[in-house]
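Read off the chains here:
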Amino acid sequence: MKLSAQMTDLDTFLAYSVALEEEAAERHDELADMMEVHNNPEVAETFRKLARYSRLHAREIRDRSQGAELPKIAPWDFGWETMEGPETADIGDMNYLMNTAQALHVAMGNEQRAHDFYSAISTESPDPEVRAVAAEFADEEQEHLALLEQWLSRVPQEGNETVFDPDPPNMPE
Amino acid sequence: MDKTTPTQAPTPRDYKSDIKPIWCPGCGDVAVLNAITKALAFLEMPREQAALITGIGCSSRIAAYTSLYGFHGLHGRALALAAGLKAARQDLTVLVAGGDGDGLSIGGNHFIHACRRNMDLTYVLMDNEVYGMTKGQASPTTAADWTHGKLTPGGSGIRPLPPASLALTAGATFIARGFTGDPNGLARILVEAIQHPGFAFVQALSPCPTFRPEQMEWKRHVRGFEPEATSDPLEAARRIQADDGMSTGIIYRSDYPAFRPGGGDGAAAGSLESMESELRI
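Those protein sequence lines, which keep their order, are chains A and B.
When we follow our numbering, the leftmost residue of the first sequence carries the number 1, and every step to the right adds one.
When we follow our numbering, the leftmost residue of the second sequence carries the number 174, and every step to the right adds one.
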């Protein structure tokens, strides 16, 4: 059975939503940390901002649960249809030389997967309340995508060409 | 270390330190850190009740990135240090981590005897099939025909050491393989490894984006063992030999009793009093 069809009650759905956002925030912070230590402050700041947005969204979802005890789900029991939560950036896509535009493209991919996750639940959950809240979250993710597109339009579009590093880590000594 | 254990359920972040990892963006070792912290949070492990012992290498820096007690020891000697710690403090949960060079070359002898001794340790071998910290030399798990190492431009010509086979032959009682592209799956394996009362060996396939960029394709080849976990060593050997090294999950689990120095009553085997009593003529 598809994950979206297993969302049979609001508390379970909110537990998934909080985990999705918190895992994304944690990954963005990790990426910001790595970019900082690899002297890429601009991209580090981008990921740091994305982490703040994800945390804000997680807090909003928690507030929405109005103190209800959300079910505790083990990380491996979520059964995400991707290896990690749909909004979590794939570490394997990262490079210390990436630019802000590339980081934003990664973030847009994450938001798109989160949108698709909520959108599927908004049509496939058997519970009408879950469907309604999921539709709302899908709209929010769509708004995030639009904001990222605006942000992307304001940064230099260096494309995918390789940035020159005069002292790359894999240079033989 | 802040020894205060939070009153509410801990989160993975509670097990991370404030030190920022210097691993390359894209490195699988980040996911091992995540898997360990997720496993500890799931187990609600009090931080002061666990220790992480490591050797030398990129991956061995992991001890500094957790909020557990840690010891970043000598190259290849993490298991020896951990065995000593466990002997002295049997109440502690002792995790050990390191890379394929640290664990199978410099520390190869310690690995064999740690398996054989079967003390209650959890050993995570972060395997990227290369020495990364020293800029990309062939390690014990590197394929014989890998030609990108500067010391072995024609390939090492030496067959790689199969870690799971070695662990089984040497007597490890829990053998598993995880993949850093699936940190949640790796966390599940680690929970079971930590709970296993004996030597638990977990090989974590951990791509190196800098010296082995082709490993970023591993995510397309990794799959699960079907079915998981046998207690039959012959069946485990068959599975390991029949596999290309890309299957993940718990391979083997046995209930052979763990070695507990001093009788296993939880007393500190290394206390002055117990040592004096053993040496008394």
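In case anyone wonders, no lab produced these hints; they're calculated from the structure.
Among these hints, one or two may not hold up.
Non-contacting residues of chain A with respect to chain B, defined by C-beta distances greater than 12 Å in every case (computed) [to be verified]:
no. : residue
1   : D63
2   : T100
3   : P168
Below are the DSS-like pairs computed for lysine-lysine, each with C-alpha atoms no more than 30 Å apart in a straight line [said to hold, decoys possible]:
no. : chain 1 : residue 1 : chain 2 : residue 2
4   : B       : K323      : A       : K72
5   : A       : K49       : B       : K189
6   : A       : K72       : A       : K49
Glycine residues also receive a C-beta, built at the ideal position from the N, C-alpha and C atoms.
Status of each hint after checking the structure:
1. D63: At roughly 17 Å from the nearest Cβ of chain B, D63 of chain A sits farther out than 12 Å, so the non-interface label holds.
2. T100: holds, 14 Å
3. P168: violated, 8 Å
4. B:K323 with A:K72: violated, 49 Å
5. A:K49 with B:K189: Answer holds: K49 of chain A to K189 of chain B is near 21 Å, not above 30 Å.
6. A:K72 with A:K49: holds, 28 Å
Violated hints, listed in ascending order, are 3, 4; each of the other numbered hints is respected by the structure.
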